[in-house]
Structure formats: C-alpha cells, structure tokens
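S.K.: Chain residues, written in single-letter form:
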Amino acid sequence: MTGAGVLTGMSPTVRRVALEPFVRPPEEELPGRATWYASTCRQCPAGCGILVRVINGRARKIEGNPAHPLNRGKLCARGQAGLQVLYNPDRLQNAVRQSGGRGSRQFKPIQWTEAIDQLSSAFKSLGAPSRVAFLGGLMSDHLLTLVSGFLKALGAPPPVLFDLHTALEGRAEATDMARRWFGDSQAQGVPLPLYDIARAQVVFSFGANLLETWMSPVAQGRDYGLMRQGQAGGRGLLVQFEPRLSATAASADEWIPVKPGTEGLIALGLGRIIVEDNLGQVGSHSEHAHLYRNVSVTDVADASGVSVETLRRLANAFAAADHSVAIPGGYLAGLGNGSQTMDAVLALNVLMRRLGREGGVFLPHQVPAEPFASSASVSSFAQVTDLIERLKAGQVDILLIHGCNPLYELPQWTGIAEAIRRVPLVISFSSCVDETAVLADLVLPDHTYLEGWGYQVVSPGADRPAVSGQQPVVRPLYDTRATGDVMLALAARIGGQVAQALPWSDEVAFLEQNSAQLLGTSSGIYDAHTPAGFWSLWRQHGGWWTEKPLRDEPEAIGTPTGPLQVSPAVFAGDAQQHPFHLIPYPSLALSDGRGANLPWLQEMPDPMTTASWNTWVELNPATARSLQVDNNDVVKVVSPYGELQAPVVVYPGIRPDAVAIPIGQGHRDYGRFAQGRGSNPLALLAPPSEQARGSWLPWGATRVRIERTGRKQELARVESLDGAGREKLR
Amino acid sequence: MTGRRSFVIALVATALLVGTAYWRIHRASEVSAASDQPIPFSHRIHAQAGVQCLFCHSSALRSDVAGIPSVQKCMGCHQTIAADRESVKILADYWQRQEPIHWQPVNTMPDFVFFSHQPHLGAGLSCETCHGNVGQMDVARQQTNMDMGWCLDCHLKQPQEKTARLADCLLCHK
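In the order they appear, the protein sequences are chains A and B.
Using the working numbering, the first residue of the first sequence is number 1, and each one after it goes up by one.
Using the working numbering, the first residue of the second sequence is number 1001, and each one after it goes up by one.
The set of hints was computed from the structure by calculation and includes no laboratory data.
Bear in mind the structure is a predicted one, so any value in this text is a computation, not a measurement.
Worth double-checking, as some hints may not be accurate.
Said to hold, decoys possible - Simulated restraints on C-beta separations:
| hint | chain 1 | residue 1 | chain 2 | residue 2 | range |
| --- | --- | --- | --- | --- | --- |
| 1 | A | T113 | B | Q1096 | 51 to 59 Å |
| 2 | B | E1161 | A | D479 | 21 to 29 Å |
| 3 | B | Q1096 | A | W112 | 50 to 58 Å |
Stated by the list, open to error - List time: in silico DSBU-like cross-link candidates among lysine-lysine, alpha-carbon distance up to 35 Å:
| hint | chain 1 | residue 1 | chain 2 | residue 2 |
| --- | --- | --- | --- | --- |
| 4 | B | K1174 | A | K61 |
| 5 | A | K392 | A | K636 |
| 6 | A | K61 | B | K1073 |
| 7 | B | K1162 | B | K1073 |
| 8 | A | K108 | B | K1174 |
| 9 | A | K124 | A | K392 |
| 10 | A | K108 | A | K152 |
| 11 | B | K1174 | B | K1162 |
| 12 | A | K74 | B | K1174 |
| 13 | A | K392 | A | K74 |
| 14 | A | K108 | A | K74 |
| 15 | A | K124 | A | K61 |
Claimed, not checked - One side of the interface only, derived from the structure: several residues of chain A facing chain B at Cβ under 8 Å:
| hint | residue |
| --- | --- |
| 16 | P21 |
| 17 | F22 |
| 18 | L83 |
| 19 | G221 |
From the three backbone atoms N, C-alpha and C, an ideal C-beta is built for every residue, glycine too.
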C-alpha cells in the first residue's frame, strides 16, 4: 500500500507529451496566452452571456460574462458543460445520408455541395410551397429570422417551434397568459412578464422552480440571493407551493405541499381572504372584489388540504409586505386547469397593485431596433399537433428539423414517428444522431454554439433590453456547416423571390447588417461611427444592452370582468386503478434530456436525491411502506397510456399521493453517454383532456399505479437521505 | 524473528522505492534526448542560413512559451527553398494533408514550475544563455538540467534589490 502511494506520488513531474503546433494558426493567436471571447450560452433558452477561455485555438473553460445584464458573471452547471457539446466524441463530423434507408442507422458521408444539390432540386420540384414544413426548437433568433424569411418568400407556412424544455417551463402558456392580461386584441406578441424577485420582500412561487430550470435560473438565482440579503429592507421570504419538494422549495422558507391541481384554488383563497379582510396598504379592494365573488375559503381549504389558518397566515404575510410578488410557474402549465391556475396566481399581483412596482411584475422593454423587436415565441401544442396531422395526411413533402428532438420529446400517442415516416424527404440539422435524426434522409450537422454565429434577444430575465451576441470561439472542429448558411445557399439556388428575400452572402453579413440597426442608439452601452466599428464592439462585448435598467409597467387591461374560475383539474386514469399523481419534472442537470449526452451532467448528482446516471421513482416513505418497497427496488409505473420500470428513491419531500420521475434519460440514440440508460417518463403521459383543449401538453395530468417487480437495481447516489447505507462504507 | 523479517521487508521496500525513483528521474531526463522527431530537423542549417531564433519561435518575446512554428510558416519558405530535400518533402506531405506535426519537446520543465520566456527575454537574456548554442546542433538537446538550483544560481546573482523577489518560492511555484 505504502509503496503504491509513494509510486503514485512520484508520478512523472514531466509529462511525455508531443507539441502540436497549428497547421494554419488562427488570427491573433499567441501560443501559451489565453484569448477570451464573449459569446452566448445555448444550453437553454435563457441566453446568458459567457466568456470562453481559448488557448492554442482550443476552448478550455466557459465562465459567465460579468458585464452581461442577465447573468452578471454567473453560470450554471449546464453552461459549464458546454465544452462537452463542442468536444463530444459522438458528434457528426460531416454531412451524412442514411445509406440503408431511414431508420437503418447506416450513415455515409456526403459532400455538402451534393447535399445542397439534393435539397435544392427537392425544393424546385415541389408541388406547392405549402408542402414544406420546418420544425424548430432551441434556435438562435437570427436563424429563426432567416428561416421565417425563407418560408415566407417561398409561400410556405411559418416554422413550428416546440421543444420539451420550453413546454416544461410553460413558456407558451405564460405567453398566452401575458396576452390575456396585458395585451389588447391586436397584440401580436406580448413579452413574458418579469418578476422582480431581487427587490421583493415576499415571493409566493406556485410551482416555479426558479433556481433550477425555469426561464432564466441563473438570473433568478442571483435575484434570490439579493432578496435574501435584504435588498428591500430585510431578509425576503420565499414560499413555494408544489406537491414535490424541488431544490427551489428546499431553499424556500416554507414549502406548502399542495394537492396537485389545487394551486389555483389556493391563489383564489388567498385573494378572497385579502379582499374580505381588506388586508394590505393599497386602499380599497372594491375594484377587484368581483374576481373573488364565488370563492369560499373553507371549500378551498377542503379541496387543497391546506388549512384555513395557514391560508390566513399566508394571505396576511403576502398583503402586509410592501413588495410582494406571486409567480405562476412552469409546473402549472402541465395541469389540465393550467391557464385558469396561472390567471389566479397572476391576479394576486393585480389585486395587490404590484404591476410596475419595485419587487413586483414588469414587462421587458423592447430592444429599439426592428430585427430585435420581438423574441421568438414558442408555438402552442395545438400547432404542433396540427403539423403532425399534416404530416400524417401526406401534405408535406419536405420536413426540416432543427434544435429539437420530437421523437424523444413528444409522447408516442402523438404519432410523431409514424407522421415523420410519411414525409418523402426529412432533413435533420442535429449535430449528433438523435432519435429524430435516425428517421431523416439527410443529417446536415450545424456547428455547435461555440463554433457558430448568432444572437438572442433576452426574454425574460434581464432588467433592461438586451441582445446576447454569439460568435465562434474556435474554428469548427469538423466539416459541419451553419444552418443559416445552408438556408442562404439554398435560397440562392432556388432563385426568384426567395433569393431576393435572402440576399446575404453568408449569415455573418446578415448579422452585421442587423447589428448596425442599433447604431446611433443613445441608450446603449456603446456606440460607433460606422457599422463596421459597431460590429466590432458588438463582438467585443458579446451583444448589446442599454446602459441603464429599463422595464415597462404592464397595464392589466385584460383583467376579467367576471369572477375568476378554477375548475377541478382533470387527471387521466381512474383514481382507484391509478391512485398516484404522476409528477415528471425537468432534471436540473439534463433539462429535458438534451444534456444526457454530456458525461459531466450525467455525473452531476440530483440536488435532492443525490442520484445520477439513471431514472428513478420518488416515493413518500409512507407510500413506500404501504407498497412494501424500499430504496433501489425496481418498480413498474403504469399509466393508462404506458409503463416504465425504474428503481425507487424513498423521498420524504413528496406528497404520499404522488410519485415523481425526472425527465432526461431513456434515449434510444443520442450518443454513447445517453443511450440505453434509464427511461423516458413521457411514455406515461396521457393526451390532453377536453379541459386542456389540446392547447398545451398536459404533462402533469396523468395518474399512475405502482407495481412491485421483485428486482433490485443499485442507483448511483452520493448519499442517502436518512444516513442509511453509510454503514456499508465502513 | 519477526523483527528480522520486518527489517528485510523494509530493506526490500526501500530498495524498490529508490530504484523506482532513480528510474523515474532517469526516464524524465531521457525526454530531452530528442531522437524521435517526426522530421530530421537541423537547427544548424537554419542558423547558418541566417534565420534568427525569434523568427520561428516568435512568441518568446510576448508569451510564456516560445512556440513552435506552424506548418504554414515552415512552408512559407520551403515552398521554394530546398524543396527537393527528403526532409522537406516530409514537411510538404504534412502540408498537403493539412495535418499538424507532432514534435517531441526538447527542453522540459516540471508541471509545478510556472516558467515564462517573456520576462527572461525582457531582462536581456539571449536564447543561448539557457539553451546553449543550438545554432551549432543538428539534433537539438537540452544543455542544462534546468533544476531549481540552476535557476536560483542565476536569480541570486541579480542586483540586490531584485533578489528577494527573484528568490521568492511563489515566483515560480504559484
């Protein structure tokens, strides 16, 4: 033993390594000296600013950009893991076609010219422009603008945007909510509301896992810190309402384990108490009393399992604070009564006059230039199912897919696989072979975000208008091509109106031209005399933002004239047959599964269970006892629509009538670190009920039952919650 | 009996350790032998042709490392100069394939030393002071073992107001 230790200690101080100088050195490269590039993180839609340390042409470390108004130098684990997106061994190194037919997984390299030839001849022989469809997910705003322009000039329907991450954070529903409350009837896009957590004294979060994956977790994490440090004159209070104790709930002062589907009722109950008892310092509540006309506090208490006393105490705390805010979170969007629930939560802010007040609710101010006027809003689930119907009906000849993996991210009952199989030509722009790319004819890999150009309008999160700029920090490692350039090349080949609408030689020319629209804006952090000078400063800073904070005060012009309603949530599955509410939740590390191919993120222990590298089923200790199962016992989770098997984690932080399963694992493809690991809980989800009217994916509205299998599977966990298992280590 | 056995074991262990240590150190010094370069490169020929050290190792003035020239830089001259020589043909093949050349390091420092060329050149040292007369060598070799005593030997001979800083551990062991 000692010898081994000494030998290890004496491992070579001089490593035998070869020196590998460049074939062609990059510009400004000085061997041994780090160059830092300002760019934008693309691991989630938030758009944090990053600085990437590059030595000898290799990206070595990603940090938050301290000057960026969104994340202010901070960066989350997923952002740090961006290097593994770049250096992933399972990346496609060139354009490929499936030589053995779609689904064969036999990929043969093809030349880019050949791929673009094939694409352009397919477009030229297209019967009608409506027979093209573009399904996008997490796309850079510049690419979305290019693609939208391309489709519009062609006469094709606009791109459909869907990815599981934004579905889980309820982005589409939050946009709808903002439009209902703050938009007039002509409103095109009302931006997502901004909750001023940093300056609030009391924050009521209804299922917003604001320190994990919801919206802009890095900015919210910073705001949470400021709130705790008493920005508003004392340590702020956070109350989290949700059936499962998330890492955010664990950081809250109080966790209210709500019965799933009654979150909206609780919000109504709180509002009713505030109106009835005339709480708070805002004068009369008569203006909003009608909203709560039909609410009975005792009924709310009965339905939700939260006592009248607790409701009164919370209502008093919320109303007594000068700065309090109620946040409708992503979890609500998964419920059948999601939109009503979100309305009920937002109404608390209206009732307490928190709109446009410090520590309250704001709307982001628009970036003062046309190309950045509105950020991409995701499509509703109804638009996604419409597209699937079009595909199934054979109405689409060319399907282009970028930035999403619908085969993994949509439940089977949507029929997405069958629908894609009906399309004669399917093109994927994925940088590695994911489940959807397996069904594509051609995979034309885009650069990863550390190699590519782009920009993103930050919405929501920052206290001022901001555009995050993205630039290559290294030369592309492989023979990949920017999808923006592929679309421009294609437009030039098609000619006519399409070529006129997209006249740029490459996407950088397009970006340079767009950035110059902000030239001469006096409110910006910099300005220049020439477009070239401005473009240079843009890249140096990593985008553009205003010098001073600038937010808009929302006007609640859409406040309902009648009483607010929250109908009982409908759950798929009979309560006798399927006694448990299923709570699938986005994994902090893997998000909606896009991080599953990055070993750093696979290795990262879940903050609440410390489990990693797998899927697990969280059960309350009482539930586990009654089912006679314990940690690491594999159980079968059965819903009316599917089933999966996974080991149990006995978790005190969940209601006894609910089970929770993290999303992110269960990939069939997507590289060596992702595939064949765990299960995808989306297989259990039920289709939208009448209540949801198909407008969103009701990912929290399914009931399940648990069956024992008698098998055991040891989960990789850093520690157990009760200390049990430690004796094994001795 | 037990004591004697322990003594023998201790003796064997010590021998093993000393042997391993010797082997390790010996192997480390072997690194400098520089016999297995991918191209038989001669510093002598280049120096005699009047090429300055800093023409190829151009970052020594501005960076921690002196740098090894890119294939592009080599080809800048060898497109035309001595293009028919065998060793230059090997270089041209690398350029043709756009492949980097894996050179073996000649002068090495342990990982825990943060050495930088820049201040040394800034202080007016010539390359030969540490690297020897490389311009006379066909195969470049490390001339000194570059250990701490050797570094300090020079650092302590500097003007008195500088020696405190130059002898500080944290100067090189950060």
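S.K.: Please go over all the hints and tell whether each is borne out by the structure.
M.R.: Status of each hint after checking the structure:
1. Under the hint 51 to 59 Å, the C-beta atoms of A:T113 and B:Q1096, about 22 Å apart, miss the expected range.
2. A hinted range of 21 to 29 Å for the beta carbons of B:E1161 and A:D479 is inconsistent with their spacing of about 57 Å.
3. A hinted range of 50 to 58 Å for the beta carbons of B:Q1096 and A:W112 is inconsistent with their spacing of about 22 Å.
4. For the hint linking B:K1174 to A:K61, the alpha-carbon distance of about 20 Å falls within 35 Å, and the restraint holds.
5. The hinted pair formed by A:K392 and A:K636 meets the criterion: a straight-line CA distance of about 32 Å does not exceed 35 Å.
6. For the hint linking A:K61 to B:K1073, the alpha-carbon distance of about 28 Å falls within 35 Å, and the restraint holds.
7. Only pairs whose Cα atoms come within 35 Å are accepted, and B:K1162 paired with B:K1073 is rejected, the gap being roughly 38 Å.
8. The suggested pairing of A:K108 with B:K1174 is violated, with an alpha-carbon distance near 50 Å, which exceeds 35 Å.
9. For the proposed pair A:K124 and A:K392, the alpha carbon gap of about 23 Å is at most 35 Å, so the pair holds.
10. For the hint pairing A:K108 with A:K152, the CA-to-CA distance comes to about 33 Å; that is within 35 Å, so the pair holds.
11. A distance of roughly 19 Å separates the Cα atoms of B:K1174 and B:K1162; the hinted pair therefore holds under the 35 Å criterion.
12. Proximity of A:K74 to B:K1174 is assessed by CA-CA distance (about 26 Å); at most 35 Å being required, the pair is judged to hold.
13. A hinted pair counts as satisfied when its Cα atoms are at most 35 Å apart, and A:K392 with A:K74 does not qualify at roughly 45 Å.
14. At most 35 Å may separate the alpha-carbon atoms for a hinted pair to count; A:K108 and A:K74 exceed this at roughly 41 Å.
15. Of the supplied pair hints, the one linking A:K124 and A:K61 is violated, its CA atoms being roughly 45 Å apart against a limit of 35 Å.
16. Because the smallest distance between the Cβ of A:P21 and any Cβ of chain B comes to about 4 Å, under 8 Å, the interface hint for this residue holds.
17. A cut of 8 Å between beta carbons decides the hint on A:F22: the least distance to chain B is about 4 Å, and the hint holds.
18. A hinted interface residue such as A:L83 counts as satisfied when its beta carbon comes closer than 8 Å to some beta carbon of chain B; here the least separation is about 21 Å, so the hint is violated.
19. Evaluation of the A:G221 hint against chain B yields a violated restraint, the C-beta minimum of about 31 Å exceeding 8 Å.
Consistency with the previously given hints fails for numbers 1, 2, 3, 7, 8, 13, 14, 15, 18 and 19, ordered from lowest to highest.
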